[in-house]
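Chains A and B, in that order, give the protein sequences.
The first sequence runs 0 to 337 under numbering that gives the first Met the number 0.
The second sequence runs 0 to 337 under numbering that gives the first Met the number 0.
Among the clues, some could well be false.
The calculated SDA-like cross-link candidates involving lysine to any residue, where the alpha carbons are at most 25 Å apart (straight line), are [what the hints assert, rightly or not]: (1) 223/A / 97/B; (2) 223/B / 90/A; (3) 223/B / 223/A.
No lab work stands behind these hints, which were simulated from the structure alone.
Computed from a predicted model, the values in this text were never measured in an experiment.
The primary structure of each chain is shown beneath.
Protein chains: 2
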Amino acid sequence: MLATVLHSKGDIRCEEVAEPKILKPTDAIIKLSASCICGSDLWPYRGLQPMDGPAHMGHEYCDAVVEVGDEVKTVKPGQFVVGSFCISDNTCPHCRFGFQSSCEQREFMSAAQAPYARVPLADGTLVATPEIPSDDLIPSLLATSDVLGTGWYAADAARVQPGSTAVVVGDGAVGLMGVLSAKQMGAERIIAMSRHKSRQDLALEFGATDIISERGDEGVARIKELTGGVGAESVLECVGTQESILQAINCARPGGSIGFVGVPHGVQLDGQRLFFAQKSLLGGPAPVRRYLPYLMDLVLNRTINPGKVFDLEVPLVDVAEGYRAMDERRAIKTLLRV
Amino acid sequence: MLATVLHSKGDIRCEEVAEPKILKPTDAIIKLSASCICGSDLWPYRGLQPMDGPAHMGHEYCDAVVEVGDEVKTVKPGQFVVGSFCISDNTCPHCRFGFQSSCEQREFMSAAQAPYARVPLADGTLVATPEIPSDDLIPSLLATSDVLGTGWYAADAARVQPGSTAVVVGDGAVGLMGVLSAKQMGAERIIAMSRHKSRQDLALEFGATDIISERGDEGVARIKELTGGVGAESVLECVGTQESILQAINCARPGGSIGFVGVPHGVQLDGQRLFFAQKSLLGGPAPVRRYLPYLMDLVLNRTINPGKVFDLEVPLVDVAEGYRAMDERRAIKTLLRV
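Extracted from the complex, chain A is given alone in its bound form (with noise of 0.2 Å):
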């Protein structure tokens, strides 16, 4: 079949690779008629990850079941899926916990930017739909794997409640679905922290009241403004750098909660200033697999659209178009069609 590969900075291919095979009693194999490229594929895609030879890209995922190995006990050929970028068991103390992304038997999920995928611990990872669903809802569908699901814990991590104000750091694809979160979660005041005009509007479609293009010590005294001096109670920090941490602690009120959900690199925090700032933090790889039956839900029935935040759609085969737009800010997400 033809796949993604990476095999160096810049160098993404789609080119000829084996199927995936049933390797454990465990897996599953799913068929994909969409798959698509994450931001953190750009880490190694920009030569800022090490890596170990050829990758096969892509963590999100959804479409039917096509086989399943003998101790697979909870989804079967035929069924629909959609499974987290963390394979997890769902069985383990950590996973009961609800924390999936931790899970005792974590993988990341990957070569999924491909026309068949293996899904390792089938039984934990898979949630099935009840019926097939239309092929119009795949996006949104495919959102709910990571993107979705990261910008959802970003706002349980900072705590958004209804009613309350919530900032967004960050407006990429996470961010933006940090907007629509903070959105179905109640929040009344949701201020986007944004320059770039596509992506205002996206976040003022999903809920954004405000839009802020200021950033570093102007965004958070924009943000002190907008807030009667008071502060944020709720940040998503949906970013990772130095600057954006440090903006989303200066943005959030005193006994207010960040939840950050960028990756940081070459983050170094204070701990007398974080004590003084008495602010919440919570972060980590999304434990998507527990908000996955409800976000499902919410799209299956129409409640929420995040497939929105793709706005470049290419074949498979043009899969490097698609890492190329995002590297180049041209596109927030890009869909592949497979």
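Dock chain B against the given chain A, drawing on the hints supplied.
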């Protein structure tokens, strides 16, 4: 009057000073029959905190109001009151959000190791008892002013729940109050990390179910052993060093919470490590004022006896011995009789 003045490193004296006066119409003057020495008083005593000339020490206080400024409305002379070590107006947005220790008008109390003390923002800061309490309750009421309130905040920030497992890092007075607090909040298992017999005994008396004398990686390994390899839902960090904070983070389970109340000294946290640890962090000066009415009730109805944390009692004139005993760890916490 005779009161405590720290002149320089190690040079603490009880000497003649002017009696406090009402300086602002929102002030109150209280008389004290007892005061005490805080672990944080040892920072300047040990020369580890810069001093701006001689300092009138002491920030824990309770007892009778003797005079109030013209604008004070909620307390009056003759009432028995307790206040937090953080002065707060209790009306600003941060106070109303429950974080009085980040009050817009916050001041830190001082000069309470004395027969009389001035309390600014008396209406916001002081809580009166319904009647004059029995003398034997004074040590416990004094404890609510800071050390108990701080231990309580550690447990609250660590989200101790009924039936949960809590670990307490640090066996100073605050750590011991953290044990008592976790017990009151219904923790089923309370693991105190302590190496000192007298402190271990007090921890057990306050509700600890397990004592661990190992520290660092060994301590973490013991916690994992005791929790089936999982870690604790809640960890109370009551020290403030790099080692103790990392120990606290590593003792918590993924998705668990760390309440840190030891003022961090020289602590740096790596963002990416914190991200993948996936644990919630909240610290800061304790918003004691939020808890004060509840904690005072627990003392007044004799549900708790936090005053037991005072294992040395000296007259105010012997304050130097009180500091020495704590500095040398001969005493957990010193009560000063005025």
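Residue 223/B and residue 90/A were given as a pair; does the straight-line alpha-carbon distance stay at or below 25 Å?
Distance of about 19 Å is within 25 Å: holds.
Below or equal to 25 Å on CA atoms is what counts here, so check residue 223/A against residue 97/B.
Given pair residue 223/A, residue 97/B holds - Cα atoms ~19 Å apart, limit 25 Å.
Below or equal to 25 Å on CA atoms is what counts here, so check residue 223/B against residue 223/A.
violated (43 Å)
Violated hint for the displayed structure: number 3, the only one.
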